[in-house]
Amino acid sequence: MAAPLELSCWGGGWGLPSVHSESLVVMAYAKFSGAPLKVNVIDNTWRGSRGDVPVLTSEDNIVSQPAKILNFLRKQKYNADYELSAKQGADTLAYIALLEEKLLPAMLHTFWVESDNYFSVTKPWFASRIPFPLSLILPGRMSKGALNRILLTRGEPPLYHLREVEAQIYRDAKECLNLLSNRLGTSQFFFGDTPSTLDAYVFGFLAPLYKVRFPKVQLQEHLKQLSNLCRFCDDILNSYFRLSLGDG
Amino acid sequence: MSLVAEAFVSQIAAAEPWPENATLYQQLKGEQILLSDNAASLAVQAFLQMCNLPVKVVCRANAEYMSPSGKVPFIHVGNQVVSELGPIVQFVKAKGHSLSDGLDEVQKAEMKAYMELVNNMLLTAELYLQWCDEATVGEITHARYGSPYPWPLNHILAYQKQWEVKRKMKAIGWGNKTLDQVLEDVDQCCQALSQRLGTQPYFFNKQPTELDALVFGHLYTILTTQLTNDELSEKVKNYSNLLAFCRRIEQHYFEDRGKGSSSIRLP
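Going down the list, the protein sequences come from chains Z and Y. Mapping of the first sequence onto the UniProt record's numbering: position 124 corresponds to residue 124, and the numbering continues sequentially without gaps. Mapping of the second sequence onto the UniProt record's numbering: position 73 corresponds to residue 73, and the numbering continues sequentially without gaps.
Bear in mind the hints are in silico, worked out from the structure with no lab data behind them. Heads up, none of these hints are tricks.
Taking lysine-lysine pairs in the DSS-like style, the calculated list, with each CA pair at most 30 Å apart, reads:
no., chain 1, residue 1, chain 2, residue 2
1, Y, Lys170, Z, Lys144
2, Z, Lys174, Y, Lys170
3, Y, Lys108, Y, Lys206
4, Z, Lys31, Z, Lys123
Just a sample of chain Y residues kept apart from chain Z, beta carbon distances all over 12 Å, derived:
no., residue
5, Ile12
6, Pro17
7, Lys29
8, Gly30
9, Asp230
10, Glu250
Quick caveat, the model's predicted, so the values are computed rather than measured. Just so it is clear, CB atoms sit at the ideal spot from N, CA and C, and this is done for glycine as well.
Based on the provided sequences and hints, a complete structural model is requested.
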């Protein structure tokens, strides 16, 4: 536990410590489990592959992907789930699957595929943190990757048409948000009074959707109507991330 | 389908009762159908049995192409065609039959979450094993998938499908996984299902729901399909309550009603 843990991830904005969902999940989990993480925010002087971000480096280990990073932290005894019962642990896996299948496609669409949002918000933000000339290429590649993922998991072969799936993925995302809101109810966190892995994932997925200012906002509007989910995000931001809110 | 079309279809669905001649289409049972498709088909059959709705199973070599969404199974009811478990559950609900009406909002959220878990982990693992594991592809999948077609069509179709599935695996981040990692994911999924089921007869205590049908479809198929090795079914066999669950549903819904079990034996 003496080895310093460094996390390289995308930076923040709009009141968030990071605007990138996966980075936010890891940062939230580290706060919940008490892991001492040194956060390195990527800017355009950072030399490294941006494809794998967020990346955790400790002495001789380099771990990427949120699920693997969380596993690594757990092995280092930073466990936010030790109070959960076996059934709650199973529920965690199930709800994370729900988030990835139902909410993620619409989120990817809002950030990376919807042209108004992409060209006016997402692309300039990421391009300013990537050195020239990569800044011309990488955002476009990330956008294509997002579109690809949506079409391959939701589209109907052999002709993948975005228009047909758009309505479906937003409908699924709204349903997912409703389900999360029903499950959370009036509790502070999903399993009792202390936050766990599931809270980290839900926060990581919802907070960017909640806070980032986009021109086309149908999913954000829906989320804002679910007041308990908004309260959930605000609570975590205020309790765990207050000191690190530098940029607004 | 667009939202308007779906609302229209729901209206029509609600208007007529369930006919006697409803049919379910899947690929050829003995020679062609693969693990993942068989699991999906069995899940739908189990669901319809649980709702007490009669359906005849018809096997066609081109079932995949007949389906409106490209996925099997699909059901032909009256003059409508609906494919995949999710839309079929909605369709059956529009006709007034539902297994999950008795659940409260939190339970419904849990049920949907666990169904996504099965789709996310078990189904993806099955697809990985079938199409990305070279041993299985060479010995089983390739031969079965193209078996109803003459040369060279059988090879072309099999390669095309493999390319499609590999593309999808890469997009969701499973492209770099090894077989051991995939089996570990299956184990994690089974552990979660086993813990959720506990000692209850069904996932939501006394009455089965679509989640039970889906889990049964996948687990039963994994247990009864012969692959190049037994690692996948061994993972499921570690959990005795899941085995008892499958046996219970098989006895209650398939054998009691005179239908044989849908196990497939590979040559």
